[in-house]
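Let the hints inform the model, and build the full structure from the sequences given.
First to last, the protein sequences are chains C and W. Take 1 as the starting number for the first sequence in this note's numbering and just add one per residue. Take 1 as the starting number for the second sequence in this note's numbering and just add one per residue.
Derived from the structure by calculation, the hints contain no laboratory data. Keep in mind that a hint or two might mislead.
[Said to hold, decoys possible] To give a feel for the contact side, a few chain W residues facing chain C, derived at Cβ under 10 Å:
id : residue
1  : Arg31
2  : Tyr35
3  : Gln37
4  : Gly40
5  : Phe45
6  : Tyr48
7  : Gly103
8  : Ser104
9  : Gly105
[Unchecked claim] In silico negatives: residues of chain C with every beta carbon more than 12 Å from chain W:
id : residue
10 : Lys53
11 : Lys55
12 : Val107
[What the hints assert, rightly or not] Pulled from the structure, derived: some chain C residues nowhere near chain W, Cβ distances all over 10 Å:
id : residue
13 : Leu11
14 : Ser24
15 : Ser82
Don't be surprised by glycine CBs; every beta carbon is placed ideally from N, CA and C.
Residues per chain, in single letters:
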Amino acid sequence: KNEVEQSPQNLTAQEGEFITINCSYSVGISALHWLQQHPGGGIVSLFMLSSGKKKHGRLIATINIQEKHSSLHITASHPRDSAVYICAVIVTSGSRLTFGEGTQLTVNP
Amino acid sequence: DTGVSQNPRHKITKRGQNVTFRCDPISEHNRLYWYRQTLGQGPEFLTYFQNEAQLEKSRLLSDRFSAERPKGSFSTLEIQRTEQGDSAMYLCASSLGPLYTFGSGTRLTVV
Numbered sequence: 001k002n003e004v005e006q007s008p009q010n011l012t013a014q015e016g017e018f019i020t021i022n023c024s025y026s027v028g029i030s031a032l033h034w035l036q037q038h039p040g041g042g043i044v045s046l047f048m049l050s051s052g053k054k055k056h057g058r059l060i061a062t063i064n065i066q067e068k069h070s071s072l073h074i075t076a077s078h079p080r081d082s083a084v085y086i087c088a089v090i091v092t093s094g095s096r097l098t099f100g101e102g103t104q105l106t107v108n109p
Numbered sequence: 001d002t003g004v005s006q007n008p009r010h011k012i013t014k015r016g017q018n019v020t021f022r023c024d025p026i027s028e029h030n031r032l033y034w035y036r037q038t039l040g041q042g043p044e045f046l047t048y049f050q051n052e053a054q055l056e057k058s059r060l061l062s063d064r065f066s067a068e069r070p071k072g073s074f075s076t077l078e079i080q081r082t083e084q085g086d087s088a089m090y091l092c093a094s095s096l097g098p099l100y101t102f103g104s105g106t107r108l109t110v111v
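This is the structure we're talking about:
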């Protein structure tokens with residue numbers, strides 16, 4: 001079992017839909033990252049969370065430390081949101097990231 | 001500072017050849033990481049440096065792989081005697097504390 005698991009693996013939505021991607025982890029962490037990866041490989045950090053909730057534009061990320069669970073929400077989805085979204089954690093007392101396998105999101109017009 | 005820079009972006013090499021990739025991190029970041037990503041998978045950790053010291057190496061990093069970070073600035077990742085299974089995206093990231101910045105990666109194809 002991976003230390004970081006994401007669901008769903010693939011998600012197809014219509015433009016305008018509300019999207020949720022989930023991440024569960026089985027280890028103690030000091031921080032959790034949500035990352036976006038477009039075709040071609042480049043990874044962009046969307047959020048870093050250690051507690052609570054963060055919002056940036058149409059993106060919202062939440063984390064529940066007790067339940068070891070985080071969610072990434074996209075409101076009013078748009079085709080340009082199509083990408084792979086990756087959850088990654090920094091294990092307590094460590095520094096490197098441990099990644100989930102990613103969620104491929106496709107938003108159709 | 002323009003972020004984390006990786007060169008080359010793409011590399012096609014014949015099996016058995018040696019290849020070297022370069023990563024230039026954000027100058028204020030003291031930690032530098034190499035990850036490998038195959039199609040449809042999340043990145044896997046290879047190794048990381050704090051300043052010039054290589055602090056951790058994954059078991060994925062066989063004897064054919066070597067990484068250096070002379071003077072704690074840029075880093076190189078060398079793969080000797082490449083195999084088809086080495087074909088992947090090689091990602092570099094740098095960090096200061098928990099804040100990470102990723103490069104665009106080097107896509108290696110071994111033919």
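Here is how each hint holds up against the structure:
The interface hint given for Arg31/W is met, as the beta carbon of that residue sits about 6 Å from the closest beta carbon of chain C, less than 10 Å. Interface restraint check for Tyr35/W: the shortest CB-CB distance to chain C comes to about 8 Å, inside 10 Å, so the restraint holds. For Gln37/W, the shortest C-beta to C-beta distance to chain C is roughly 8 Å, which falls under 10 Å, so the interface hint holds. Annotation: interface hint on Gly40/W holds; nearest CB of chain C at approximately 8 Å, less than 10 Å.
Proximity of Phe45/W to chain C holds as hinted, the smallest CB-CB distance being about 5 Å (cut-off 10 Å). This hint holds: Tyr48/W has a C-beta 6 Å from the nearest C-beta of chain C, less than the 10 Å allowed. The beta carbon of Gly103/W comes within 8 Å of a beta carbon in chain C, closer than 10 Å, and the hint placing it at the interface holds. Among the interface hints, the one on Ser104/W holds; its C-beta lies about 4 Å from the nearest C-beta in chain C, closer than the 10 Å criterion.
Look at Gly105/W: its Cβ gets to within about 4 Å of chain C, closer than 10 Å, so that hint holds up. Consistency note on Lys53/C: stated as away from chain W, and its beta-carbon is indeed over 12 Å from all of that chain's, at 17 Å minimum. Listed as a non-interface residue, Lys55/C keeps its Cβ farther than 12 Å from every Cβ of chain W; the least gap is roughly 18 Å. A cut-off of 12 Å between C-beta atoms confirms that Val107/C is not in contact with chain W; the least separation is 19 Å.
Distance check on Leu11/C: its Cβ is at least 15 Å (rounded) from any Cβ of chain W, clearing the 10 Å threshold; non-interface status holds. Residue placement check: Ser24/C keeps its beta carbon more than 10 Å from all beta carbons of chain W (closest about 14 Å). Separation of Ser82/C from chain W is adequate, the least Cβ-Cβ distance of about 16 Å exceeding the 10 Å criterion.
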